[in-house]
Amino acid sequence: GAVVSQHPSWVICKSGTSVKIECRSLDFQATTMFWYRQFPKQSLMLMATSNEGSKATYEQGVEKDKFLINHASLTLSTLTVTSAHPEDSSFYICSASRGLTKNIQYFGAGTRLSVL
Amino acid sequence: AQKITQTQPGMFVQEKEAVTLDCTYDTSDQSYGLFWYKQPSSGEMIFLIYQGSYDEQNATEGRYSLNFQKARKSANLVISASQLGDSAMYFCAMREGRVTGGGNKLTFGTGTQLKVEL
Numbered sequence: 167g168a169v170v171s172q173h174p175s176w177v178i179c180k181s182g183t184s185v186k187i188e189c190r191s192l193d194f195q196a197t198t199m200f201w202y203r204q205f206p207k208q209s210l211m212l213m214a215t216s217n218e219g220s221k222a223t224y225e226q227g228v229e230k231d232k233f234l235i236n237h238a239s240l241t242l243s244t245l246t247v248t249s250a251h252p253e254d255s256s257f258y259i260c261s262a263s264r265g266l267t268k269n270i271q272y273f274g275a276g277t278r279l280s281v282l
Numbered sequence: 095a096q097k098i099t100q101t102q103p104g105m106f107v108q109e110k111e112a113v114t115l116d117c118t119y120d121t122s123d124q125s126y127g128l129f130w131y132k133q134p135s136s137g138e139m140i141f142l143i144y145q146g147s148y149d150e151q152n153a154t155e156g157r158y159s160l161n162f163q164k165a166r167k168s169a170n171l172v173i174s175a176s177q178l179g180d181s182a183m184y185f186c187a188m189r190e191g192r193v194t195g196g197g198n199k200l201t202f203g204t205g206t207q208l209k210v211e212l
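Chains as they are written, first to last, in the working numbering: chain A, 167 to 282; chain B, 95 to 212.
Read the hints as simulated data drawn from the structure, not as lab findings.
Please read all numbers here as calculations on a predicted model, not as lab measurements.
Note that CB positions come from ideal geometry on N, CA and C, so glycine has one too.
Incorrect hints may appear among the rest.
[Said to hold, decoys possible] Quick look at which bits of chain A chain B covers, simulated, 3 or more residues with Cβ under 8 Å:
| # | segment |
| --- | --- |
| 1 | 187-200 |
| 2 | 228-235 |
| 3 | 249-262 |
| 4 | 268-277 |
[Stated by the list, open to error] Pairs of lysine to aspartate or glutamate, EDC-like flavour, derived with a Cα cap of 16 Å:
| # | chain 1 | residue 1 | chain 2 | residue 2 |
| --- | --- | --- | --- | --- |
| 5 | A | Lys268 | B | Glu138 |
| 6 | A | Lys186 | B | Asp149 |
| 7 | A | Lys207 | B | Asp149 |
Turn these sequences into a full structure, and let the hints guide you.
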């Protein structure tokens, strides 16, 4: 079964509104979670690394004020797309690592965001 | 230079046949890990197989095996006895450096779309 849960799976919002996406590790604690963005038929692009109890680390070119990340507990990270615009429409997917040996990242099911 | 290169945008294979999906990587680190993920049309990323840079044996997981050729910096995925449900996008990914406690960033290739035909 899924070890990482992501919610919602699909969201439509009006331009200018904010959208929050949740990512939960279900049966393990994740001090670090990752947020990716994927455009149609393209690869995953890492947006930021979410660290529990501290600020997220954003990749170059990602606006941290646009994409707010909060990792308030060892099982929950949230991504808030603030003042969303149509160009923010995309597939957002989170992941968390389980275990130390291989550090396999397990992914949520993703969130399709459509901004009208 | 691309860190992960997948040169096959699309592949076709007949049901029950084996198929190899290519992946080459570029890193100067001695310690690294290589991953393959499957992404069906639903979008979820499904972990398939892992190969550590110090692993001497090729990794295997059921019908999946990883042909690891370190000197050539290649980590090809072999799927045996293809099934219709194997039709999906397949991504090769790399973790550079040693494993850290919290987690390591992954770099993904551009993916290979596999279509299994009757």
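Hint check:
{"no.": "1", "hint": "187-200", "in the structure": "holds (count 5)"}
{"no.": "2", "hint": "228-235", "in the structure": "violated (count 0)"}
{"no.": "3", "hint": "249-262", "in the structure": "holds (count 4)"}
{"no.": "4", "hint": "268-277", "in the structure": "holds (count 9)"}
{"no.": "5", "hint": "A:Lys268 with B:Glu138", "in the structure": "violated (20 Å)"}
{"no.": "6", "hint": "A:Lys186 with B:Asp149", "in the structure": "violated (40 Å)"}
{"no.": "7", "hint": "A:Lys207 with B:Asp149", "in the structure": "violated (32 Å)"}
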